[in-house]
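One-letter residues, chain by chain:
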Amino acid sequence: MSVRLVFLARLADLAGAGEREVAATSLETILGELGSDFTGPRIKLALNGTILTQRSDIELRDGDELAFLPPVSGG
Amino acid sequence: MNWRSFPPSVVVEMRADVRLIAAPFVPAAEMAAFAAAHPQAGGIASFIGQVRTDEDVEALELQHYAPLTEPGMATLAEAALARWPLDGLLMIHRTGVMQPGEPIVLVAAAARHRRDAFAAAEFAMDHLKSESWFWKRELSGGQWRWIEPRAEDRADLARWDLPKP
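In order, the protein sequence lines correspond to chains A and B.
The letter at position 4 of the first sequence is residue 4 when you use this note's numbering, and the numbering goes up by one with no holes.
The letter at position 66 of the second sequence is residue 66 when you use this note's numbering, and the numbering goes up by one with no holes.
It is worth saying that the hints were derived from the structure and are not from the lab.
Just so we're clear, the structure is a prediction, and the values are computed from it rather than from any experiment.
Hints may contain errors.
As the list claims (entries may be wrong) - Once the Cα atoms are required to be at most 20 angstroms apart in a straight line, the calculated SDA-like pairs of lysine to any residue come out as:
no.	chain 1	residue 1	chain 2	residue 2
1	B	Lys-136	B	Ala-23
2	B	Lys-136	A	Arg-10
3	A	Lys-44	B	Thr-69
4	B	Lys-136	A	Glu-19
5	B	Lys-136	A	Arg-42
6	A	Lys-44	B	Pro-67
7	A	Lys-44	A	Leu-69
8	B	Lys-136	B	Ala-29
9	B	Lys-136	A	Val-6
10	A	Lys-44	B	Glu-148
11	A	Lys-44	A	Leu-34
12	A	Lys-44	A	Ser-26
Isolated chain A, as found in the complex:
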């Protein structure tokens, strides 16, 4: 088991894939390893289908899904 990272739209191009599995750790650690392209102010994060309103003191557990969402372009 591990944490699934999901990258949407152009973030999938940047990541080289739409999904990636990483070992469970803190959100801060994951964001630090991905870098600012994935964590800037215009990028929203969703943990298990809920948008995160803040990013501190969050521990990810096995089975969690963390999605990286660039600004939507509309339907």
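Here the structure of chain A is known, so what remains is to put chain B in place on it, guided by the hints.
Chain B only, in chain A's frame:
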């Protein structure tokens, strides 16, 4: 069983037909079925969005994120049903790769009076265009290019004066 004996949330779901689909659909057939399902409505307003024919654009792709996109569409339908007295609301949205001329979205609102139907359909479209969880890219010259958000779509949304999610 009379519909009034169902809890309110079930009634909302019965009035709203919300679908996110990955295959082509035929708006005229959907409209015929929707009209037949709501014979009590005095008016039905509808909007079809389609991939515009542009000599430079070979295809359009809409990506979504199911854990957010589907609940977001359901919440939008509930908001429209709560705001206008509607008999029914239809929202069908494509995902995946589409060719020029293919329908992308169909929204229809059935109501006793036309103004409610027009307003609810426009409300649903403005929200689908600007704040729903879709990402769009175009294939042009063999290259895919992501489309950035449009300021006009945000401005259209502001008319409804609702708090952002």
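Against the structure, the hints come out as follows:
no.	hint	result
1	B/Lys-136 - B/Ala-23	holds, 16 angstroms
2	B/Lys-136 - A/Arg-10	holds, 10 angstroms
3	A/Lys-44 - B/Thr-69	holds, 14 angstroms
4	B/Lys-136 - A/Glu-19	holds, 18 angstroms
5	B/Lys-136 - A/Arg-42	holds, 17 angstroms
6	A/Lys-44 - B/Pro-67	holds, 14 angstroms
7	A/Lys-44 - A/Leu-69	holds, 5 angstroms
8	B/Lys-136 - B/Ala-29	violated, 26 angstroms
9	B/Lys-136 - A/Val-6	holds, 17 angstroms
10	A/Lys-44 - B/Glu-148	holds, 15 angstroms
11	A/Lys-44 - A/Leu-34	holds, 14 angstroms
12	A/Lys-44 - A/Ser-26	holds, 17 angstroms
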